[in-house]
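Just so you know, the sequences run in chain order A and B.
Sequential numbering of the first sequence, starting at 1, is according to the UniProt record's numbering.
Sequential numbering of the second sequence, starting at 1, is according to the UniProt record's numbering.
Mixed in with the good hints, there may be bad ones.
Because identical chains cannot be distinguished in the list, a pair is counted as satisfied if it fits within a single copy or across any two copies.
Claimed, not checked - Derived lysine-lysine pairs resembling DSBU-like cross-links, with alpha carbons at most 30 Å apart:
no.: 1; residue 1: Lys616; residue 2: Lys404
no.: 2; residue 1: Lys478; residue 2: Lys509
no.: 3; residue 1: Lys480; residue 2: Lys333
no.: 4; residue 1: Lys393; residue 2: Lys78
no.: 5; residue 1: Lys250; residue 2: Lys616
no.: 6; residue 1: Lys78; residue 2: Lys676
no.: 7; residue 1: Lys333; residue 2: Lys277
no.: 8; residue 1: Lys486; residue 2: Lys92
no.: 9; residue 1: Lys250; residue 2: Lys397
no.: 10; residue 1: Lys78; residue 2: Lys277
What the hints contain is simulated information worked out from the structure, not anything from laboratory work.
Since the structure is predicted, the reported quantities are computational estimates derived from the model, not experimental observations.
There are 2 protein chains.
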Amino acid sequence: MEESCKRDAGEAFKLSNHVKFEICIVCKGPSAETHRSQILDMFKGNVGDAVHNLIQRLQQSGLFVEQEDGLNMETFIKIGAPEEVIGRTAEKVQLRKVTYLGLDVIFDWHQRDAFTRQPFENSLFSWTERYQCLQHLIQTVRSDSDIKLPSLQGEAKDIEVKSGEALVPVLKSAGVIVDIFPLHDEEMRKELLRNWALKWKDVTSQPIDAIYTYFGAKVAIYFAFLGMYTQWLMFPAILAIFFSFINLGKFEPVVPLIFSFLVVVWAVLLLQFWKRKNAAILTRWDIIIPNGESCEMEFFNHVGKQTLSGEGTQKDRLPWTEVTKSQKQVIQKLEWLEQLKTFRNIVIVVTGILCFQLPFELTYVHLNEVLPYNILKYALTGLYLSAIRYFTKIGGKIAVKLTKTEHYSNMEAESDSLIYKVFGIYFMQSYIGLFYHALLHRDFGILRQFLLERLVVSEVMNLVMENLVPYLSYRWAKHKALRWEKEQTKLSKGSMKPQASRTEKEYLKPSYASSIGNNILEDGLFDDFLELALQFGMVTMFACSFPLVFAFIAVINLIEIRSDSLKLLAIRRRPIPHIASSIGAWLNIFQYIGVVAICTNCALLVCLYDQAGRWKIEPGLAAILIVEHLLLLAKFGFSCFVPEEPAWVKAKRMKRAQVQDYCSLQLLRSLDAKRKTA
Amino acid sequence: MEESCKRDAGEAFKLSNHVKFEICIVCKGPSAETHRSQILDMFKGNVGDAVHNLIQRLQQSGLFVEQEDGLNMETFIKIGAPEEVIGRTAEKVQLRKVTYLGLDVIFDWHQRDAFTRQPFENSLFSWTERYQCLQHLIQTVRSDSDIKLPSLQGEAKDIEVKSGEALVPVLKSAGVIVDIFPLHDEEMRKELLRNWALKWKDVTSQPIDAIYTYFGAKVAIYFAFLGMYTQWLMFPAILAIFFSFINLGKFEPVVPLIFSFLVVVWAVLLLQFWKRKNAAILTRWDIIIPNGESCEMEFFNHVGKQTLSGEGTQKDRLPWTEVTKSQKQVIQKLEWLEQLKTFRNIVIVVTGILCFQLPFELTYVHLNEVLPYNILKYALTGLYLSAIRYFTKIGGKIAVKLTKTEHYSNMEAESDSLIYKVFGIYFMQSYIGLFYHALLHRDFGILRQFLLERLVVSEVMNLVMENLVPYLSYRWAKHKALRWEKEQTKLSKGSMKPQASRTEKEYLKPSYASSIGNNILEDGLFDDFLELALQFGMVTMFACSFPLVFAFIAVINLIEIRSDSLKLLAIRRRPIPHIASSIGAWLNIFQYIGVVAICTNCALLVCLYDQAGRWKIEPGLAAILIVEHLLLLAKFGFSCFVPEEPAWVKAKRMKRAQVQDYCSLQLLRSLDAKRKTA
């Protein structure tokens, strides 16, 4: 069934054995409804030409290409690349890489020996870099002849590819190319399955470096955090078991106090040590954290192009790095406008949550309390669950829209902003019921029951939604494809049992995407982190009421590591690799939960020690206490709102960095020239 | 009376008109008790030889030298330097400077055109850099012959300077050189007096750039902060006047609440905007903030010399920037030992303050309350004042000793550590009485009276101690010198009215030194900042009880700017210039005061609205509230205790920076070579 493409004979044969195909373009065949022969005609015609042209052009730009026909009339174009092609593309996209000298400069193929190789494989480029370059190559491959395409999706107008035009975008808009996705590397995938997902002894250790090599920094940092968090969970878990099963006699009443104190300190230390570990990991991976310059670059390119260029060069002093007064003013004005926009959006989100979500959630919890019959309660819960699903979706959409109005210099900052907003919604949704029970009922029995219920339900739900649902949908898609193929072959020839190729199987798997704002959040890590953060909040904020929950959580997270790794390796497509230097917004969210945990634990302790409700909070005193906490909040808020460094100072630093780049490259070249003459 | 030294005739004459003498070495003549002729003999002998040799050697190393005899038998050797001499020395001390390309590299005289000139004067080196180089030059000038010195201070053994030995340290230890201090530049001093200290219109504007040029970054940043703080004080001052003189009718009771809220927000915004201004100022002055690398350098040089060198170069990958595993472990161990030592010292200081200072202060306040007769109270206050003077001195000495046990990478970190400790002592001393009155008496009348008393007393005390006492001591020293000279001249010749030269006048002025730990704190800014911080605490922490104090403080600070500037320009010697990138520890202290202010204002509000004392704080509730606040404190504490970045990561970054240095210099040279050949 496979139709190998023509290649330069000798070299191709030699290479084909160890060519790694890393990316796959899926060209649409017919949907199941269309008749096959009709489509085949079409393929023989213009569409076939276009695909053929694409394959030829890809080969001409130096890539390894292999065509494979799928069961469902899709054509899979598997693409691999020799190092030199990647290197040349890296030059074009101005990829920054670390040299042996420790400098961080734009890559130059001629100087390739000066750049460090990857720490855990002997290639020059990491998977993230290779993917980036391959994508660039594919997106910019140009047609060398005019091709007319009939519209596959029943549109009236035909689409035409002109000679010299980029092929892929046109074919994509014409519906010929349905998907482009990264391919698994079977060898490394199996290795990881063995050493990570299916390794059942030494349960907390993970091959983080191998994960980094295979999935890129973002995913690897998530698993490093998950692993460290799980390891650290052992301390409070053991302590909780100790406190629960050993009676301390007259010290028993103090246990919740001590435990909540220890948990708060534990949370702070966990996050601090995580920052250290994060720094250590980045150093091991040779990822240099940019000082914000490269991130800000785009912002200034966007807002101050005309103001930043030109003028500065006319002055005598510091001609390259000067920012003039008028430029300063323009940048400063823009900076404050951006800040105000952000502030407005925060106000909108907070108002929305407090005025719409809070009453809704409280109504549900209250109704659930007062309804007389169990059957009514179940009906209510069912109604509620479907309602919040819908509301969360709307909330997510609003959050995405608000985030789009702000201008961000890079994807990371933008997704961070969205994460904060969406987390606000989830936070309210997850905890308001618990707060209600904790503070208004003062009944620790009910609170514990609720906590456990929530945790079990959410964990089971997660396992199902993350693994079972995608797996079943994959099985269903495969089954459908096989059945269709069977029918078709019966019609035409009769025999030959159809089998899905490995590429097709991967294509049928769902991709690793987030549940909300996928175009901003990039990948499914949002859901994984959200789960972790909500869980972290659950255990720290209600620590004193139910210590044993830590032991429960520790076990759950051990399973989580396995289920998440299995998800990435077997159930979903290989995720698109992203660069990252930290867990980003989530670190702040975890820290914020740590502060909130202090207040909730204190409130819980009041409830616990004062079950008769005899301690009185006079309205005046309560008001002052609230004012105090609001002030503490305001202090943090204002500190965040006013950036510590004026944007124009950043602009100047950025210019300096550009110059430094230029210099570094010059230096490398001159050193190289010297070496050659010597 | 002046005896000009021999110089290379033509050049010397040409230059002497605009030579700026920037530093002065004072060689000891006799004390007033010794007979003059006896000393003169001595001078003619070996001591004279030594001084003469020193002057010659200084001239030979290219410096401009002028000798001047003082009234009191001191010899003043005034020293200036041409740019080239400074430049050559800068090479030797490996001074880092910014180039036009924006790179920050070690200075190289041959490449001098590549380095940026100073922003506000046309010289290549700033005053701070010139002073540093001059000091280095003076300290390393070597003798070219053997000189025997009789001990001036009555020691048994004679001191000998061998040929090739550094002259200045030996002469210093022999008591021949009494002092080395920077000289005022009369022209600029007068300019500054006119435009700054004695300028009475547009009272808050200061010529910050001129101050930077004349005094260096550290002093200039202090005045920039003082100026901004004073400007910002106008807002609450106006508000306070508004609230005090306009009756708001039924809203009157809410005024303290609103005012304290506004003040807390004001304090946060002030500090945030200060950070912005700080960044802007540094950019204007072309000071590049080092990313901690250069600061950490010394630490690693100190603790890990053998562990960091050698091994790394044998590996293939990243040979220059690698840190091996064993090195990592060594560094990590040392890092944690240092952290523990710091922690121990903090515990000692806090324990000392709580166990010794707190009871003492409370006893005084309480006794002052209960004593029956006014006369007894005055006696007690007198006793108390002399006692705290003594205690503060002891506390300061202990703090210095503790700080010396810790190891710091640079002077700035060390002085910051001392500042925190000493501030703790002063904080307790200044506020405990106020807290006592506020919380235990709940009497706002008394509190206001105390606040005002404290403020007036402390401001008057400061004015006297900072300006009047040094001025009087200077007058006294000058008077003594003149009288002595008169006596001497009467003895020998008879006529000729003696007059102190400008250099001598400067020598007689007291130096700009701090009241505590002068060898660590470097200069008198400690006292100025301490005053500011205590004042800031006074107004923010008790804001709601006495708004009008802001107006009072605003006026005081306008005077403070003048008095401080006058102090630097006219009453003290020119301070030794220091480099600085921020107000350092004081920023954290101001922020800490901001947090404390939230709590105290809330407590005050409780007192205010509940003057009958009917709001009850049950012991249980109070305990929980205290626990909450302790937890918040612990959170901050722990966050500070665990450094965010492992020391070995810093070590690696530092190595990288060194390499970058090397590269940058190489680049500059090769660019230069190209320019010459072209």
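Consistency of the hints with the structure:
For a Cα distance limit of 30 Å, the shortest separation of Lys616 from Lys404 qualifies neither inside one copy, at 48 Å, nor across copies, at 50 Å. In this assembly of identical chains, Lys478 and Lys509 lie within 30 Å of each other by CA distance solely inside one copy; the values are 9 Å within and 92 Å between copies. Proximity of Lys480 and Lys333 under a CA criterion of 30 Å is satisfied in neither setting, with 58 Å inside one chain copy and 61 Å between copies. In this homomeric assembly, Lys393 and Lys78 never come within 30 Å of each other (Cα to Cα): the closest approach is 36 Å inside a single copy and 79 Å across copies.
For the homomeric pair Lys250 and Lys616, the shortest alpha-carbon distances inside one copy (26 Å) and between copies (28 Å) are both at most 30 Å. For the homomeric pair Lys78 and Lys676, neither the shortest alpha-carbon distance inside one copy (40 Å) nor that between copies (54 Å) is at most 30 Å. Proximity of Lys333 and Lys277 under a CA criterion of 30 Å is satisfied inter-copy only: 16 Å between copies versus 39 Å inside one chain copy. With identical chains, the CA atoms of Lys486 and Lys92 are never at most 30 Å apart, being 46 Å at best within one copy and 84 Å at best between copies.
In this homomeric assembly, Lys250 and Lys397 never come within 30 Å of each other (Cα to Cα): the closest approach is 54 Å inside a single copy and 46 Å across copies. When the C-alpha separation of Lys78 and Lys277 is checked against a cutoff of 30 Å, the pair qualifies neither within a copy, at 38 Å, nor between copies, at 55 Å.
Figure legend: structure checked against the earlier numbered hints; hints not met, in rising order: 1, 3, 4, 6, 8, 9 and 10.
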